[in-house]
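Chains A and B supply the protein sequences, listed in that same order.
Numbered by the UniProt record's numbering, the letters in the first sequence go through residues 1 to 283 in order.
Numbered by the UniProt record's numbering, the letters in the second sequence go through residues 1 to 451 in order.
Hint data in this document are derived by calculation from the structure and do not stem from the laboratory.
Remember, predicted model here, so these are calculated numbers, not experimental data.
Be aware that one or more of the hints could be misleading.
Here are some, though not all, of the chain A residues that point toward chain B, as calculated from beta-carbon distances under 7 Å [to be verified]:
| hint | residue |
| --- | --- |
| 1 | Phe-44 |
| 2 | Leu-218 |
| 3 | Asp-243 |
Derived contacts from chain B toward chain A, CB cut-off under 8 Å, selection only [unchecked claim]:
| hint | residue |
| --- | --- |
| 4 | Glu-77 |
| 5 | Gly-85 |
| 6 | Ala-92 |
| 7 | Ala-255 |
| 8 | Asn-259 |
| 9 | Lys-263 |
| 10 | Ile-282 |
| 11 | Asn-286 |
| 12 | Pro-288 |
| 13 | Lys-289 |
| 14 | Gly-292 |
| 15 | Gly-304 |
In this text, a Cβ means the ideal position worked out from N, Cα and C, and glycines have one as well.
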Amino acid sequence: MVDRRRLSPATVVVLALLTAAAVYFLLPVAWVLIAATKSSADLFGTFGLWSPDPQLGANLGRLFGAEDGLFGRWILNSFLYAGVSALIATLLSAGAGYAMAKYPFRGRELLFNLVLAGVLVPATVLALPTYLIFSEVGLTGTFWSVLLPSIVSPFGVYLARIQAHAAIPDALLEAARLDGAGEYRIFFRIAVRVMSPALVTIFLFQFIGVWNNYFLPLVMLSDQRLYPVTLGLAQWNSQTFRDPAFFELTVTGAAVSALLLVLTMASLQRFWRAGLTAGSVKE
Amino acid sequence: MGSRIRTAAGALAAAAALGLAAACGGGGGEEPAKSAAAASGDPANPVELTFWSWVPNIQKAVDAFNAKHPGIKVKLETITPGPDGGYAKMLAGVKAGNAPDVAQVGYDSLPSFLVNGALEDITQYAEKDAAKFVDWQWQTGVFGGKVYSIPQASGPMAFYYRKDLFDKWGIEAPKTWDDFAAAAKTIREKDDSAYISTFAANQAPWMIALAQQAGQQWFSTEGDAWKVTIDNPDTRRMAGFWQKMLDDKLVKTEADMSNGWYKDLQTGDIAGWIGGSWGDAIIRGNAPKTSGKWAVAPMPQWPGAAKFASASWGGGSASAVLKGTDHPAEATAFAVWLTSDPESVNILLSAGYGWPSIKDTSRIPNLQQDDTVFPFYGGQNIWDVFKEADAAVGLDWRWPPVSDALYSTLTDNAKAAVEGDGTLADAFAKTQTAMVEQLKAKGLNVVATGG
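Model the full assembly from the supplied sequences, consistent with the hints where possible.
Okay, here's the thing in structure tokens:
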């Protein structure tokens with residue numbers, strides 16, 4: 001049966017554009033997944049989107065076996081750096097944003113504008129000053145040197161304030177106070193839950209930001225067992241001109257780390273729920 | 001990915017430079033350390049050293065050192081290669097007072113480390129070992145008669161070529177550059193898609209090595225002033241030769257170590273490469289199916305050269321003792337052992353660190369018989385070729401304290417020339433002007449220069 005409805009020209013154009021965009025964005029992903037099944041020689045000698053002689057198992061074995069399982073450590077480090085700092089950053093942002101939205105105090109706007117200014121300063125600019133400060137207190141080269149600078153997120157504070165302002169009705173807070181709830185209880189039991197869609201967003205942004213942060217660990221760390229996966233892969237990539245076997249490790253490692261990140265994001269997205277306060281108070 | 005990392009490294013270097021300018025004035029006044037006799041340490045209370053390097057698998061050599069030296073305990077930290085951010089990290093570390101005791105530094109970067117005050121004078125501990133090392137390699141760590149680093153390895157150049165294809169085309173490995181041009185012409189006539197090599201305008205150290213082999217050096221010092229002679233007759237002759245090769249379309253112009261170049265190595269479309277000794281691993285790893293078909297010949301010579309001349313790709317690498325170490329004697333002892341003990345050299349060779357810096361290589365098993373390497377070259381002992389090449393590297397070559405700028409300027413100018421904007425000779429002349437300005441901008445004296 002053929003659908004007799006004719007597609008309008010506009011629909012065709014939009015479909016074509018969307019398809020082109022999808023291909024454009026997915027092609028590199030397809031390439032890295034296919035390349036992860038190749039030997040170093042095939043990587044350059046064969047067509048990019050076809051693997052004539054797949055050896056994914058061998059590549060994975062080599063990847064996780066190289067240098068006493070270093071790659072596994074890097075992945076764990078990345079999850080630790082990104083996960084822990086995103087969690088703390090989300091909590092701090094929620095608290096700061098909520099306070100700025102709901103408690104009037106002197107200098108509130110000044111403080112908020114300072115935080116906003118923080119959004120505009122690229123983290124890269126701060127890396128070296130942070131290094132010098134950390135080396136004063138002997139923290140460089142440690143796990144903390146990457147974690148501590150990552151637990152603050154000016155953008156998160158900004159987003160949390162907007163969300164608290166828009167989503168938490170003052171009437172709700174008053175009702176809670178009338179019922180005898182303390183401020184901490186109101187924050188953790190009510191505000192955090194109402195703000196949760198924004199908090200998930202903050203968490204995801206911070207997680208990806210820390211996961212992809214290359215510069216800070218590059219400056220801070222010198223022991224490669226503490227490296228996150230980004231820095232580790234870059235290090236392997238830089239050794240390919242001495243030993244081409246590192247091409248396999250780098251490409252397979254990039255594919256694995258990208259997949260893990262996609263899986264993490266996908267599993268976190270189900271927390272994205274809106275409309276929690278719909279009908280909670282009468283406006 | 002690569003370019004982003006380069007950019008990041010550039011930013012780090014720039015940031016480090018700013019930090020250095022701001023933090024200027026520290027350092028100095030170190031106590032001249034204990035006598036050289038203490039260099040073996042006390043087993044009951046071992047001296048702890050930190051070593052920064054990016055050579056893959058160098059840990060094995062460090063382990064071997066620790067096993068044999070109970071009084072010294074070396075901790076290896078693998079860092080990003082110097083040009084990708086490692087150097088900036090070392091310099092920042094020296095200023096912040098938490099630099100490693102020993103660090104891997106390229107021969108081309110030692111002068112800039114010296115200018116930045118990041119190297120420790122180790123003359124009193126190292127002098128006695130000078131005779132163990134190849135003269136030109138040893139000299140890369142000597143400035144004003146003082147020793148600052150121990151050479152690790154170099155990258156002597158030779159000509160890798162597809163012997164099976166050369167035989168098919170009825171040509172031999174070129175002995176002179178004229179032979180090279182003639183062979184290139186024959187290849188173009190016999191095969192539509194094949195070239196003798198590429199002219200790698202992306203690869204500054206490679207072009208510098210060609211100039212080094214041609215004769216006159218680019219940089220020298222007169223008193224406390226730098227003399228820049230990039231635009232010299234020997235370099236101009238070399239530039240003219242390659243310009244003609246480009247004009248006659250006898251060489252490819254694709255970048256080396258690029259995806260296309262790796263592919264061409266596999267297909268035979270690139271039938272030769274003037275490369276460093278470590279390039280063997282690149283060919284074997286990227287074109288495993290061409291095993292047995294390659295051979296290595298000495299670098300082609302310029303007509304009328306008094307003696308056989310070669311060059312080293314980017315110089316090589318040293319173990320530098322960094323300023324601020326508490327144990328210069330032990331650090332020196334470690335650096336010397338790492339690159340002169342036969343066991344360690346053998347380990348490092350298989351890790352691909354380059355060509356050994358020691359004179360006597362007769363006790364290095366891998367250089368006598370290497371069952372993973374020689375069969376790839378039809379059974380040829382290619383290390384003999386590189387040994388001869390390393391011995392034929394000029395003694396008077398000096399690197400400037402602005403190698404980064406030299407590399408980027410030369411690459412930019414050469415790429416423009418290859419794309420038809422001026423000639424290669426112009427590119428070297430422009431690089432000369434830029435380098436004089438760079439050195440002056442660093443506050444260094446530059447004497448009048450001329451071709």
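These are the hints, each one checked on the structure:
Because the beta carbon of A/Phe-44 sits about 4 Å from the nearest beta carbon in chain B, less than 7 Å, this interface hint is met. At its closest, the beta carbon of A/Leu-218 sits 5 Å from a beta carbon of chain B; the interface hint therefore holds under the 7 Å criterion. Taking 7 Å as the C-beta cut-off, the interface hint given for A/Asp-243 holds, the closest approach to chain B being about 5 Å. The beta carbon of B/Glu-77 comes within 4 Å of a beta carbon in chain A, closer than 8 Å, and the hint placing it at the interface holds.
With 8 Å as the threshold, the beta carbon of B/Gly-85 comes within range of chain A, its nearest partner Cβ sitting at about 5 Å, so the hint holds. Hint on B/Ala-92 holds. Least Cβ distance to chain A is approximately 6 Å, under the 8 Å limit. Given the 8 Å rule on beta carbons, the hint for B/Ala-255 is violated: about 13 Å separates it from the nearest Cβ of chain A. The closest approach between the C-beta of B/Asn-259 and any C-beta of chain A is roughly 5 Å, which is under the 8 Å cut-off, so the hint is satisfied.
Interface hint at B/Lys-263: satisfied, since its Cβ lies 5 Å from the closest Cβ of chain A, which is below the 8 Å cut-off. With a cut of 8 Å, the hint placing B/Ile-282 at the interface with chain A holds, because the nearest CB-to-CB distance is about 6 Å. For B/Asn-286, the suggested interface contact is upheld, since its CB lies about 5 Å from the closest CB of chain A, less than 8 Å. Interface restraint check for B/Pro-288: the shortest CB-CB distance to chain A comes to about 5 Å, inside 8 Å, so the restraint holds.
Because the beta carbon of B/Lys-289 sits about 7 Å from the nearest beta carbon in chain A, less than 8 Å, this interface hint is met. Restraint check, B/Gly-292 versus chain A: the minimum CB separation of about 15 Å is more than 8 Å; hint violated. Contact between B/Gly-304 and chain A, as hinted, is not supported at the beta carbon level, the nearest pair being about 35 Å apart and thus beyond 8 Å.
In terms of the numbered hints stated before, the structure departs from hints 7, 14, 15, listed from lowest to highest.
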